[in-house]
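Chemist: Each protein sequence line maps, in turn, to chains A and B. Converting from the first sequence to the working numbering requires adding 44 to each position, the first position being numbered 1. Converting from the second sequence to the working numbering requires adding 44 to each position, the first position being numbered 1.
Heads up, a few of these hints could be off.
Same chains, same names: a pair is fine if it fits in one copy or spans any two.
[To be verified] Taking lysine-lysine and the DSS-like style, the derived pairs with C-alpha atoms no more than 25 Å apart in a straight line are:
no.	residue 1	residue 2
1	K58	K96
2	K212	K69
3	K227	K253
4	K172	K212
None of these hints come from the bench; they were simulated from the model.
2 protein chains.
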Amino acid sequence: MTLYVIGIGLYDEKDITLRGLEAVKSCDEIYLEHYTSILGVNVKALEKLYGKTVQIASRDLVEREAEEKLLLSAKKKDIALLIVGDVFGATTHTDLQLRAKELGIEFQAIFNASVMNAIGVVGLELYKYGKTTSIVFPDNNWLPSAPYDVIALNQEHGLHTLCLLDIKVAESNLEDIKKGINKPQPPRYMTVEEGLEVLLRLEREKGKKIITKETLVVGVARLGHPDMLIVSGTVAELLITDFGEPLHSLVVPGKLHHIEEEALANL
Amino acid sequence: MTLYVIGIGLYDEKDITLRGLEAVKSCDEIYLEHYTSILGVNVKALEKLYGKTVQIASRDLVEREAEEKLLLSAKKKDIALLIVGDVFGATTHTDLQLRAKELGIEFQAIFNASVMNAIGVVGLELYKYGKTTSIVFPDNNWLPSAPYDVIALNQEHGLHTLCLLDIKVAESNLEDIKKGINKPQPPRYMTVEEGLEVLLRLEREKGKKIITKETLVVGVARLGHPDMLIVSGTVAELLITDFGEPLHSLVVPGKLHHIEEEALANL
């Protein structure tokens, strides 16, 4: 039997491809991975379109219980794992593919749009982006400098930087873990403002003048949704812009071509 | 009325999203842009699914006659421009969006997978790719060094490089142009082998030991098609690998994580 890993796109049930929908309809069990991104609709909308029950797959299920729940099931049944956006945004699915191969299970990926290419809607050319970075919530004052270093490197070469903003879903807090309590916290999605605050804090520590209040940045909220919001402006301006509901992302432009300038001016 | 620019994915008529199909079915005129990528099926397969006529849009139509054919038509009718892969792979569509806005025409992009994110199937993490580069056919011995320089920069920072390989569709040759003859040449699609030959020639000129016969590279043919072929090996090995029909792409890996190593070993 087959383990289908299917990208379902960025907004709602209609963003799946015909190929994806055909595969889902042929499957015996359907899981939706929901800890690395979120859809603009709830699971019921998917279930209605598919005519099938969709189970929520936690990070634990995909990363730790994959063998039992997904892979061994896929020996007897056709299983679909739905991914918001595209299949290969995270290592996990490459790992899943490797483990499927080891166990002699057919693995089929069905592609879709993800933030990695849909970010092109902002108007900056995709081939001029350098390495992508992630900005994470500061944890006990531990603040990784990677995003700052990546932006600095990309800027040096005139390249744009896509900054993915942290998502914490069903994670326990450190105090609870120390006490042996397993109590998931409410989900947290980093806002453009919080992302910029992290970058400004790194700027204060590192002082290379990579991100100042005057730096041009582009904030994106709800990429691919009907109420998508894209705002280009200085860091100071974006810090006081309300981007509303998650997910948010941030782009730090590099050297701009005139069409790119025009595109940002016309957002 | 609306100008819909719709990504139709990488392989066949079933790679369109439900949202994309709904839009196409509502349109009065449908154009397929076919000079930056190719599908695995012909236009007839699309027409059969859509129940509509699909016109081939040349580069001239999209870049030079866009105003007349696409934008002014979209003042009176709903127009769909179908793009193999995704909408925002090339500047042109950002340009089209800007011109639509100037003319007060509604513009709607419908996302899909493109080589820029589907390349994740190779098993190298997307966020560890640096700038993307294009390798073009040498023209009258003029050989741009950009791909070599981009790979060198990415390698220096441990980043992977996606190399898009040249496509020439319906272009005239220089001799004919000089004589004032407008005779389109048959399409040419650069192979993995030809791409590697260009890189080796740049290596001989520049001599930084970025691409040698021993460098590990990954060749990809027909990404997202049922007969997709991904081969990882040294340049010497890939030079004698027959990748078959177009399109081909090339990845030069940077520093490998152990999962990435395992993924390449299991191709």
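Chemist: Reference check for the pair K58 and K96, CA-CA at most 25 Å: within, between, both, or neither?
Modeler: Result: close both inside a copy and across copies, 16 Å intra and 21 Å inter.
Chemist: Regarding K212 and K69, is the shortest C-alpha distance of 25 Å or less found within a copy, between copies, in both, or in neither?
Modeler: For K212 and K69, the Cα distance exceeds 25 Å both inside one copy (31 Å) and across copies (40 Å).
Chemist: Taking 25 Å as the upper bound on the Cα-Cα distance, should K227 and K253 be classified as within, between, both, or neither?
Modeler: neither (41 Å within a copy, 54 Å between copies)
Chemist: State whether the alpha carbon distance between K172 and K212 is at most 25 Å within one copy, between copies, both, or neither.
Modeler: This pair counts as between: shortest inter-copy Cα distance 22 Å, intra-copy 30 Å.
Hint compliance for this structure: hints 2 and 3 are broken, all remaining hints hold.
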